[in-house]
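Participant: So you can see what is in the structure, the chains are spelled out below.
2 protein chains.
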Amino acid sequence: MAQKGDLMTVRSDIRVLDATIRDGGLVNSFMFTDEFINALYRANVKAGVDVMEFGYKASKELFDVNKFGKWKFCDEEDIRAIVGENNSDMKISVMADVGRCDYKHDIVDKKDSVIDMVRVATYIHQIPAAIDMIEDAKAKGYEVTCNIMAVSNAQEGDVAQALEMVGQSSVDGIYIVDSYGALFPEQIRRLTDLYMETAEKYGKYIGMHAHNNQQLAFANTIEAAANGASLLDATMMGMGRGAGNCAMELLLSFLKNPRYNLFPVLKFLESQMLPLKESGAVWGYDIPYLLTGHLNQHPSAAIDYTKEKRTDYSEFYTDLLDK
Amino acid sequence: MAQKGDLMTVRSDIRVLDATIRDGGLVNSFMFTDEFINALYRANVKAGVDVMEFGYKASKELFDVNKFGKWKFCDEEDIRAIVGENNSDMKISVMADVGRCDYKHDIVDKKDSVIDMVRVATYIHQIPAAIDMIEDAKAKGYEVTCNIMAVSNAQEGDVAQALEMVGQSSVDGIYIVDSYGALFPEQIRRLTDLYMETAEKYGKYIGMHAHNNQQLAFANTIEAAANGASLLDATMMGMGRGAGNCAMELLLSFLKNPRYNLFPVLKFLESQMLPLKESGAVWGYDIPYLLTGHLNQHPSAAIDYTKEKRTDYSEFYTDLLDK
Chain A
5 MAQKGDLMTV
15 RSDIRVLDAT
25 IRDGGLVNSF
35 MFTDEFINAL
45 YRANVKAGVD
55 VMEFGYKASK
65 ELFDVNKFGK
75 WKFCDEEDIR
85 AIVGENNSDM
95 KISVMADVGR
105 CDYKHDIVDK
115 KDSVIDMVRV
125 ATYIHQIPAA
135 IDMIEDAKAK
145 GYEVTCNIMA
155 VSNAQEGDVA
165 QALEMVGQSS
175 VDGIYIVDSY
185 GALFPEQIRR
195 LTDLYMETAE
205 KYGKYIGMHA
215 HNNQQLAFAN
225 TIEAAANGAS
235 LLDATMMGMG
245 RGAGNCAMEL
255 LLSFLKNPRY
265 NLFPVLKFLE
275 SQMLPLKESG
285 AVWGYDIPYL
295 LTGHLNQHPS
305 AAIDYTKEKR
315 TDYSEFYTDL
325 LDK
Chain B
5 MAQKGDLMTV
15 RSDIRVLDAT
25 IRDGGLVNSF
35 MFTDEFINAL
45 YRANVKAGVD
55 VMEFGYKASK
65 ELFDVNKFGK
75 WKFCDEEDIR
85 AIVGENNSDM
95 KISVMADVGR
105 CDYKHDIVDK
115 KDSVIDMVRV
125 ATYIHQIPAA
135 IDMIEDAKAK
145 GYEVTCNIMA
155 VSNAQEGDVA
165 QALEMVGQSS
175 VDGIYIVDSY
185 GALFPEQIRR
195 LTDLYMETAE
205 KYGKYIGMHA
215 HNNQQLAFAN
225 TIEAAANGAS
235 LLDATMMGMG
245 RGAGNCAMEL
255 LLSFLKNPRY
265 NLFPVLKFLE
275 SQMLPLKESG
285 AVWGYDIPYL
295 LTGHLNQHPS
305 AAIDYTKEKR
315 TDYSEFYTDL
325 LDK
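If you read the protein sequences in the order shown, they are chains A and B.
Here the first sequence stands for residues 5 to 327, numbered as in our numbering.
Here the second sequence stands for residues 5 to 327, numbered as in our numbering.
These aren't lab readings, by the way, just hints derived from the structure by calculation.
Identical copies look the same in the list; a pair holds intra-copy or inter-copy alike.
Within a straight-line C-alpha distance of at most 27 Å, the following computed DSS-like cross-link-like pairs (lysine-lysine) qualify:
1. K95 with K64
2. K281 with K313
3. K271 with K95
4. K271 with K313
5. K271 with K327
6. K114 with K50
7. K64 with K74
8. K144 with K115
9. K327 with K260
10. K64 with K115
11. K327 with K50
12. K281 with K311
13. K108 with K142
14. K74 with K142
15. K144 with K205
The following block holds chain A by itself, in its conformation from the complex:
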């Protein structure tokens, strides 16, 4: 597929989604202070970020509300306490995991909600359940994306079939999700071409959510964009599970649209992200994450290893190879 746009001009279809609370919440069990969330909301609005994700709509039947911060559940009143009626141009999204969300009950009609977008996260074998959630959220009035996770581990034939099924749904956008940080730019270009075929056939847009296991989150995000992806996920200082995500500061300094403004992001990093890091939250590229990414595995073993503050990388690698 031909490259879309170039390095000098603006692609007006491109939007940036801040996933700091949602993916970053996987680092600290969503235990953010209200001050942090308030500052993040204001920084995102000032920076021209298009969508801010507040967290998950997780089932309170499945998850103990005392063990997680409120952004794992994203109650309407908690979001409103930060944004009021959200009198800004920025949209608000939440993520709903297949099998972990009481969506029929917990996702209310759009007319009663300050949320604009629901992102349905699914593994490839759960697509029928995902489509049920998509149709539910669309019927309630939301913009809806389908985020097909761990695509680096899926068979290409299955991906093609999943795209066809989701393409025929009323979803608005479909995400490439490199959950394991295993993919190289060359593969991202190939995948984006594949996803864009469905997008053009069914009138959907494509999104990109990258992980930084091999220091490729930013590179893969801009490669996906160059091949047509238009909803790009980033997080402040790359905060996210394991090796983290594409850093907002890298993405905004790359994009040429004058509506984006790096300065409020820098202010937020120095005032909020550095103290958060100093308080003990750990994320970002490190050798153990490189190794799980390289082996196309879930980062859980690397997360445990990092928590134990082990640095015997060669031993860890042998353990991974032995699995």
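Take the given structure of chain A and dock chain B to it, following the hints.
Facilitator: For chain B alone, kept in the frame of chain A given last:
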């Protein structure tokens, strides 16, 4: 230009050069212990690294030998104290900067040296002086590369002319050097195409030396390789000036040639690089380096800022914009 090779197969023309001492020496004034250098040499041989750079051949007239470690000067006997006659398949290189090297005197005939390769580092306005050094080193019997620095700041017409001049010399290889870490993969592909034209016309190979200001050193290195570059620089844990370089552990885990072995690199990282980091050597991606890279500036302001342990990123950005 068509892509060269793919993600599954081996490109036998690709070689890896370890520049840990040379670029990393810019972090600690080349004050490495002999134990470190010994362990690095042995790790590189075991890992299948093709070329190991020991440092600079800097002029002792210009630089005070008491202010730098010995690898800024790379005396023959110092290298031999580590490698003996270098009874390995790995080549040994040194870098010689235009205007900072008494090459006529300090670079001896290859037959009297354990060094195999001389890399001539030059800015684009110094090409005639670089060619004099290239011809001197070639006449003495070395493999020689020309590393044209800071290419992100050069006019494309000047680059084309420089390539033509160097192409007509007896140099063996020509390097793309992204000194400021300012280039995006898309630009690297374009530049590699340009360099490869000269390479194919004059029978030279192309090298790639990246910096990690925008977390793109690895991505840019593999993009250059995909477009035909075949001598790839990397350093252990990415150690190098400012944001550092392409990490050896990333590059070796990417390359498919079974002669490369990641395991001795991991052993070296845990036994030597972690203690070096803990001893206070500072390098690697950080916000100030992103900002100088983004603005296509030399990282010196960011290095000073980082040394002062400042974290007022927004103020630093304003200062840079005001220059």
